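If you read the protein sequences in the order shown, they are chains A and B.
The working numbering numbers the first residue of the first sequence as 1 and each following residue consecutively.
The working numbering numbers the first residue of the second sequence as 298 and each following residue consecutively.
It is possible that part of the hints are untrue.
[As the list claims (entries may be wrong)] A few chain A residues that face chain B, going by a derived Cβ cut-off under 10 Å, partial list only:
hint : residue
1    : E53
2    : A115
3    : T122
4    : T125
5    : G202
6    : F267
7    : P271
8    : T280
9    : W284
These aren't lab readings, by the way, just hints derived from the structure by calculation.
This one's a predicted model, so the numbers in the text were calculated from it and none came from an experiment.
Glycine residues also receive a C-beta, built at the ideal position from the N, C-alpha and C atoms.
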Amino acid sequence: MTTRFTVVHRTEYLYGRQMSDGYTVAHLLPRDTPTQRVLSAEVHVTPDADELEEHTDLFGNRVVRIGVHRLHDHLGVTGRCVVDVDAAPAEITLETSTAWDDVVGRLEQARGDRATDIAPFTAPTAATPSIAALDELSGDLFRPGEGIVDLIRSLTERIHREFVFDTEFSDVSTPIAAVCAARRGVCQDFAHVMIACLRARGLAARYVSGYIETEPPPGEVKLTGSDASHAWVSVWVPELGWLDADPTNDQVPPQRHLTVGWGRDYFDVTPVRGVVIGPTAMQWLSVGVDVTSEEVD
Amino acid sequence: MLSRSLYQPPSGRFDEAVAEDGSTRPTWSSVGAALGNMRPADLLDHQRQADRLLEAEGAGHLVHELMPESSGAGEPGFVDSRPWRLDPVPLVIGHDEFRTLSRAVVQRARMLEMLLADLYGERRLVRLGVVPPRLLFSLGSLRTAMAPRAAARWLVHYAVDLVRIADGSWRVVQDLTDAPSGAGYAMLNRSVMARVMPDAMRLAGVAPVNTFAAVMRRALAAQAPPGRKSPRTVVLTGGPSHSTYVEHSYLAVQMGFHLAEGGDLVVRKNRVWLRVLDGVEPVDVIYRRLEDARLDPMDTGAGGGGAGVPAITWAAQSGGVALANAFGAGVAEERSLASFLPAAAQALLGEGLDLHALSTDDVLATAPCVSASSYGALVPGTAVLRLHLAVTPDGTTVMEGGVGRVLAPGDDPAAPTTLLAKDVWVVGGVAAGKINVRAPSQHHPQVDFGSSVPKRAADALYWLGRAAERAEVAARTTRVVGAQVQQDPSLLTVGGGGWAAGAVALLRSAQALPIVVDETAITDIGVSPAPFADRLDHELRGGQHAVANQIAALAQEATTVREFLSTTTGRVLGRLTRIRADLLTAKAAPDDLDTVLVDLAALAGLSMESTVRGPAWRFLDLARRLERAISLLGSVQAALGLAVEPLAFQPLTESLLSVNESLVAYRRRYRSDVELGAVLDLLVHDDANPRSLAFSLDRLREHMASLAWQEGADLVQQASLGALGSIDDTVSSGRRLSVDSMVLATRGPLLELGNAVVRRWFADPVNPMVMGAS
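Turn these sequences into a full structure, and let the hints guide you.
Written as structure tokens, this is what we have:
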């Protein structure tokens, strides 16, 4: 079954005073994957951008660099894309899979493409450090000989069960130690926690940035801008390649998921970030995401 | 000869100066001979001389540790500076040994260049399992954004720390591939040693190090993006708060490049532009002294503390500007990668490295050292040697010399805790007895920025000029009034305290404080001089503090624009900073204020005589003239606005003339008692008197014409008209109203001119602010 998603992702900055130069990096253009095909994608900027260039980063993601060099007190960056996504089966039907500790051994001995393309995702980063709290959270799941797919399933389920989704608790700079201590956070926190658990053991895990289509509460009309950017995890499984897991929803994407790109952590694929040059001033940020879909066959 | 009584190295390990049989090594013969004639006291004298010379270069005192008075806190916050010191005994290396060492350093630089190209390119080392990917990708210094389009050259300037071990061989302590420091310090130290140990240096035949500046210039010019016929280069610094700022500014001067801070540069259309007075000028090559973690807030987030240039790495990646060294080169100096380097060399070069890494159980060799704690005696110590290499179009050049940093017991050789450095002498390659003058200057392909000046520098020079003038006014007023009352204490009560009231007003005006005198104090006069003595004393102390504060402001501005000031200026500033400490003590001697006045006069003279008459000089001079005009008006109002009794008028007017250095001129011209009209004529209208308002306004008028700035010219004109206001003797509430209104009408436009200068020429929104991430 294939679903055609249309996503509009608006980011709006307002500044208290006029800025002279603004630089923005956007990870808003989705890439093709084995389960999705990008039909169209573009980024629109107001005021008119003096520079708008598309590049490819180290991980193959599409990056847009935007420069505005005129006085401006607001900046709008809107990403718009149409993508066909094949839904994954709700359960992974794999009779047996390699033991996770076997996978670690293979990654340690990796040579060639596997060393350059997959093994880098075993490296802990500043956002996904190896901390003691991870062992307490998931140590019992890493039984010697446990199949990698079963492990991913139980770890996804564990994080979903243990953590409370709370948009008030964290921001992009909250360390996972604080997230683990409070057992609260949002999707990117849960993705970072799960990635850190896997990398601490030597497994390869990617941070996936994308969108998820939400359903309005029963009987209510869906509100504009009520969808959100979303983040989940992808783990390397020798038999399958990269297997996605969504600890926020305890799902195997894609269900209503659409991938934009991936990296080592959030900071490799932040949807929109930037720097402005100007006088010291207040700034206000607002973000709205709309995902609509139709079944194509 | 180094006799045993003078220096005794420990036995069983290599010593730089003394061989196993106790004889002085041949390379050390001339230094040994020079030291043989010295007693510990002489060595201490040499070290103190080195301290003074370093201080003159601004290196002894880090001026950023010298804070001006914090508002309201009362006592000025003076932080002791931590100068680095120079050991008068150099580290001597023979020419042949240095040649072997250089070859090994060149090999290492070649290998690291290939390593970087591979790590950011095809990653053969990762594919082959030489460098573990899990380690590599956990390094924050691996710049992932650089990978798709790697730099053409990674290392233009490379440095390496070496240390000799007990068996006499050299080991690598660390590689420096990001923004290696020390090349400028090596040149600076040498210029000091040439004066501290001239005979030993001449006898030894020491290879010069200052030629490295020209080598770096060529190396940088060669990095220019293709098609830039006359590349423009700047030295990028983190600013005066950067730990090696002194060196940045020194290098900029030696190479003849502008020193730029992050805010001086802006990226547009993938090019980098320098903000100059009237717009922007393109930059082709950036010799970055700023570490790559702080270089671009677009790549590395807010961690740079605002020091970097947003999107500078975009410009570099698209070929709009060349960064030396390239962004991302810092990963090669990661110590966690060091153990993989021998295998990497085998894979990349097909050969082993000539230099091995220092291991923790290596015993270090010794060298004779003089430290403050050794009271001038020669004691065995260990110095870590930093060598520098530049990659030029015709090959690589290793600086024949460097800096040796002396280790304290238990120090990590990579991070010495002592602030004691040794000059490094390479001897035997240059004919002994020959004095090495600067190498003849070579043809440089670089075309400089002509008459342009970075906006920030013009801004700093402007405030430097104003602070210098304020310091002078405060110093002279305090000196004049203090001397007068000391010579003739009866002045305190003369004319019913009229002189004292005027003197207090003059002192307050010199501190830029409101001059309105407390009315009740005036009525107290005649009864006793005590209230006025106290009041005057208070203001004299305030005047002294104002001098100290203005010197601090002056020094701070000067720190950011050293490249525009001569070395002599640096010496004068160094002395002023030292006197400043005395001024803050309870009672400074009048001599101190005299010294300040002499130094400030020297500074003013230097700015007139030793500065090229470009825009840099223009803003410095404009500021002095403006401040002088404003201060003069303040003093006129303080002394003449007050209608004092006739007995007080004479001495008070003399004070006013002295404060404005015009008393002698007055006596020569008028040969009579002072008279209001004549005094005003000399101070306000006489355009032949360099201290007069008219003279200052004439200079301001010329500056406005050169800048072709109408708004400024109009304000100067308004001030001139205001000064024409007629003066009479109408008095109301004890004040001469015509003086007050003339000052008001003249000073108003001048104060506005001060604001307008900042608005028109300097104000620029240049604070990078990180946007919230979605």
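Tested hints:
1. Taking 10 Å as the C-beta contact cut-off toward chain B, the hint placing E53(A) at the interface holds, the least distance being around 8 Å.
2. Given the 10 Å rule on beta carbons, the hint for A115(A) holds: about 5 Å separates it from the nearest Cβ of chain B.
3. The beta carbon of T122(A) is positioned within 10 Å of a beta carbon in chain B (closest approach about 5 Å), and the interface hint is therefore held.
4. A distance limit of 10 Å between C-beta atoms decides the matter here; for T125(A) the minimum to chain B is near 6 Å, and the interface restraint holds.
5. For G202(A), the shortest C-beta to C-beta distance to chain B is roughly 8 Å, which falls under 10 Å, so the interface hint holds.
6. Hint status for F267(A) relative to chain B: holds, with the closest Cβ pair at about 8 Å, below 10 Å.
7. Checking P271(A) against chain B: minimum C-beta separation of about 5 Å stays under 10 Å; hint holds.
8. Look at T280(A): its Cβ gets to within about 6 Å of chain B, closer than 10 Å, so that hint holds up.
9. The restraint placing W284(A) at the interface with chain B holds, with a minimum CB-CB distance near 9 Å, inside the 10 Å limit.
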